[in-house]
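So the protein lines, in turn, are chains A and B.
Numbered per our numbering, the first sequence finishes at 273, counting up by one with no gaps.
Numbered per our numbering, the second sequence finishes at 503, counting up by one with no gaps.
To be clear, the hints were calculated from the coordinates, so they are not data collected in a lab.
Small disclaimer: the values here were computed from a predicted structure and weren't measured.
Glycine residues also receive a C-beta, built at the ideal position from the N, C-alpha and C atoms.
It is possible that some hints are incorrect.
Simulated restraints, written as ranges between beta carbons of each label pair [stated by the list, open to error]:
#1 M122(A) with H462(B): 49 to 57 Å
#2 V402(B) with E118(A): 25 to 33 Å
#3 R76(A) with A313(B): 39 to 47 Å
#4 L152(B) with K154(A): 28 to 36 Å
Here's a subset of chain A near chain B, in silico, CB distances under 8 Å, partners left out [claimed, not checked]:
#5 Q80
#6 N112
#7 P124
#8 P142
#9 I168
#10 F172
#11 S183
#12 W186
#13 V207
This is what each chain is made of:
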Amino acid sequence: MDGNRRGFLKAAGFTVLAVGTGTVSVLRSARARPDAPTPSSQPAGANALVGKRWGLLVDTTRCKAREGCQDCRRACHRAHNVPDLPEPRHEIKWIWTERFRNTFPDAEHEFMAPAILDRPVAVLCNHCENPPCVRVCPTKATWKRPDGIVMMDWHRCIGCRFCAVGCPYGARSFNWRDPRPFLKEQNPDFPTRYRGVVEKCTFCDERLARGLLPACVVSCKQKALTFGDLADDRSEIRRLLASVRALRRKPALGTMPKVFYVV
Amino acid sequence: MIDKALTGSRRYWALVAGLGTLVVVGFVVYLRQLNEGLAITGLSRDVTWGFYISQFTFLVGVAASAVMVVLPYYLHDYKAFGKVTVLGEFLAVAAVLMCMLFIVVDMGQPMRVLNMFRYPTPNSVMFWDASVLMGYLLLNITISWTALGAERRGEHPPRWVKPLIYLSIPWAFSIHTVTAFLYNGLSGRPFWLTAILAPRFLASAFASGPALLILLCLLLRRTTRFDAGREAIQKLAQIMTYGMVASVFFVLLELFTVFYSQIPEHMHHFQYMFVGLEGHRFLVPFMWTSNALAVLALVLLLNPRARRREGVLAVAAVAVFVSLWIEKGLGLVVTGFIPSPLEHVTEYRPTVPELLIGLGVYALGFLVLTVLYKVAVTVRERLAA
Numbered sequence: 011m012d013g014n015r016r017g018f019l020k021a022a023g024f025t026v027l028a029v030g031t032g033t034v035s036v037l038r039s040a041r042a043r044p045d046a047p048t049p050s051s052q053p054a055g056a057n058a059l060v061g062k063r064w065g066l067l068v069d070t071t072r073c074k075a076r077e078g079c080q081d082c083r084r085a086c087h088r089a090h091n092v093p094d095l096p097e098p099r100h101e102i103k104w105i106w107t108e109r110f111r112n113t114f115p116d117a118e119h120e121f122m123a124p125a126i127l128d129r130p131v132a133v134l135c136n137h138c139e140n141p142p143c144v145r146v147c148p149t150k151a152t153w154k155r156p157d158g159i160v161m162m163d164w165h166r167c168i169g170c171r172f173c174a175v176g177c178p179y180g181a182r183s184f185n186w187r188d189p190r191p192f193l194k195e196q197n198p199d200f201p202t203r204y205r206g207v208v209e210k211c212t213f214c215d216e217r218l219a220r221g222l223l224p225a226c227v228v229s230c231k232q233k234a235l236t237f238g239d240l241a242d243d244r245s246e247i248r249r250l251l252a253s254v255r256a257l258r259r260k261p262a263l264g265t266m267p268k269v270f271y272v273v
Numbered sequence: 119m120i121d122k123a124l125t126g127s128r129r130y131w132a133l134v135a136g137l138g139t140l141v142v143v144g145f146v147v148y149l150r151q152l153n154e155g156l157a158i159t160g161l162s163r164d165v166t167w168g169f170y171i172s173q174f175t176f177l178v179g180v181a182a183s184a185v186m187v188v189l190p191y192y193l194h195d196y197k198a199f200g201k202v203t204v205l206g207e208f209l210a211v212a213a214v215l216m217c218m219l220f221i222v223v224d225m226g227q228p229m230r231v232l233n234m235f236r237y238p239t240p241n242s243v244m245f246w247d248a249s250v251l252m253g254y255l256l257l258n259i260t261i262s263w264t265a266l267g268a269e270r271r272g273e274h275p276p277r278w279v280k281p282l283i284y285l286s287i288p289w290a291f292s293i294h295t296v297t298a299f300l301y302n303g304l305s306g307r308p309f310w311l312t313a314i315l316a317p318r319f320l321a322s323a324f325a326s327g328p329a330l331l332i333l334l335c336l337l338l339r340r341t342t343r344f345d346a347g348r349e350a351i352q353k354l355a356q357i358m359t360y361g362m363v364a365s366v367f368f369v370l371l372e373l374f375t376v377f378y379s380q381i382p383e384h385m386h387h388f389q390y391m392f393v394g395l396e397g398h399r400f401l402v403p404f405m406w407t408s409n410a411l412a413v414l415a416l417v418l419l420l421n422p423r424a425r426r427r428e429g430v431l432a433v434a435a436v437a438v439f440v441s442l443w444i445e446k447g448l449g450l451v452v453t454g455f456i457p458s459p460l461e462h463v464t465e466y467r468p469t470v471p472e473l474l475i476g477l478g479v480y481a482l483g484f485l486v487l488t489v490l491y492k493v494a495v496t497v498r499e500r501l502a503a
């Protein structure tokens, strides 16, 4: 318990530092280069990755989920103390796979090869520019940061689950029961949760604050995930988005997801 | 005045004791839910709201329907509602109380409920809903208690209540409109994404609320010396008929739009409700029961001669109430989640603990109602004597 609390305070401290330094660097109009790998040995916060509009590109043609690869999910769930619950209906998921037909119900047709229709696609919180979950939350326990990350405060959440109802992507999980007994191993640097609150992917805000790319991105040996600043036209993700045809989930809803897919 | 509830017949105390027992049972099961989490309910990752929120939604309607007696009596000076108005207002008080309890028992972190007011969030409909419900509770308890007190002393209600009464009329419409807005502003849930949801809520409320009030009036006449009067009951029957007709009409409008446009993601929900989806048909028998009762109610109510016979009226009122309870208290909320935005069909069945907690909340509401009605009836009996 104490370890968790300390871990949380540490993460919170990093975040504050990161936001602080972020503001300063924006004021100096220094161009952030989040795609450049940053050594993590330096003091925390000083080299935090700073962006104006974080985004992620998922290249499903490179993804090996078909062959049973679960690297991104494992890395994420281990880093964030996401439990493995026995009952599917109580599952907590930050990043997982859905079949193509479920992920892009608007893009499928009956003559598509079953291999494509059933291809697993990595899904996670879209960190919408116009997030419905933030709009409906009655306590501001979830909000959009200036860098576009949709954040969660597990200490303020009242567990009404309105955000989970509002999310058109099924990205939010609720702790139907105490998750702690279902953690195989605990990462002491990240808080665990209590029953009765909602959680989801935070684009690894705690890692960005330490100058690290998100856990899923780093874990992917296929380099299928590209993370970067969508506001920076020189970033890798912008270069890729300009050169490939990328989709977003349910674009007609106007939520403006910042997770893009190459299919 | 509350002292009137402290003395009563053996039957009164038996009712109080019975309801009290259910409250205690519900509370004990709720303690288990507090301890183990909402995992003891049938809710899931895909169906995140169920029995509790459905009851909340249904009862907001019952609460709002008080306006159907308040408006004719105070705005149109319809004298026949003189006796029944306070019953409508007390019913609203009990119903709002149950609404609030259903919200609290649905919360994952109920001890943080005040966060809603510590961090008021105007962009959240839930913040508005909590606010208007709270306001409606205060308005109704103030108005009804003051009016009944004045009546007991043989006086007119004090002048300062008048503005509150007028305020309570649009306020009643607001509570159910805002409750509909909880649902029909969500882009990812096509089942609720329809502008007719608020009118539909109001129409069904103005049928189910008067239905309950009619039944309560008939019950009071049997068990006490309090008689709401034949004219008042018949007028309520007329209001209920109009409400039911409008409610069924609105549902048919919905069905036309959905099935003529043939947009699959809109049709799937209705298919789940009425014929089942991918072999999942838990709600199907309930929904057809609701439909059959709606037809029965309309057949009885649209015929004035049948409606005027109180035995028939009682059957019709039960049919209206049960039909709309199934529609709103079982179907409406849950179906919005089936299929999920990722097109998975996960069914939901309330569990026994969930039902017991729900029963406890209902028992508490009816306990409050019993006490309030006891006060009203005793005051009236004394005046008549």
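Task: Cut-off 8 Å, beta-carbon criterion: hint that I168(A) touches chain B - done: Holds: closest Cβ of chain B sits about 5 Å from I168(A), inside 8 Å.
- [ ] Mind checking the CB of P124(A) against every CB in chain B and telling me if the closest is under 8 Å?
- [x] Interface hint status for P124(A): violated (16 Å vs cutoff 8 Å).
Open item on the list: Against the range 49 to 57 Å, how does the distance between the Cβ atoms of M122(A) and H462(B) compare: consistent or not?
Closed with: violated, 19 Å
Open item on the list: Against the range 25 to 33 Å, how does the distance between the Cβ atoms of V402(B) and E118(A) compare: consistent or not?
Closed with: holds, 27 Å
Task: Evaluation of the interface hint that places W186(A) against chain B, nearest CB under 8 Å - done: Holds, about 4 Å.
- [ ] Go through the hint on Q80(A) and say holds or violated, using the shortest Cβ distance to chain B against 8 Å.
- [x] violated, 19 Å
Task: Interface hint status, S183(A) versus chain B (Cβ within 8 Å) - done: holds, 6 Å
Task: F172(A) as chain B interface residue, shortest Cβ-Cβ below 8 Å - done: Hint on F172(A): holds, closest Cβ of chain B at ~6 Å, below 8 Å.
Task: Closest C-beta approach of N112(A) to chain B relative to 8 Å, hint status - done: Since chain B brings a Cβ to about 5 Å from N112(A), closer than 8 Å, the hint holds.
Task: Distance restraint hint 28 to 36 Å, applied to the beta-carbon atoms of L152(B) and K154(A) - done: Given about 32 Å between the Cβ atoms, the range holds.
Open item on the list: Using the nearest Cβ pair, does P142(A) come within less than 8 Å of chain B?
Closed with: Hint on P142(A): holds, closest Cβ of chain B at ~6 Å, below 8 Å.
Task: Hint status (Cβ of V207(A) to nearest Cβ of chain B, threshold 8 Å) - done: It holds, given that the least Cβ distance between V207(A) and chain B is near 6 Å, below 8 Å.
Of the hints listed earlier, those the structure fails to meet are numbers 1, 5 and 7, in rising order.
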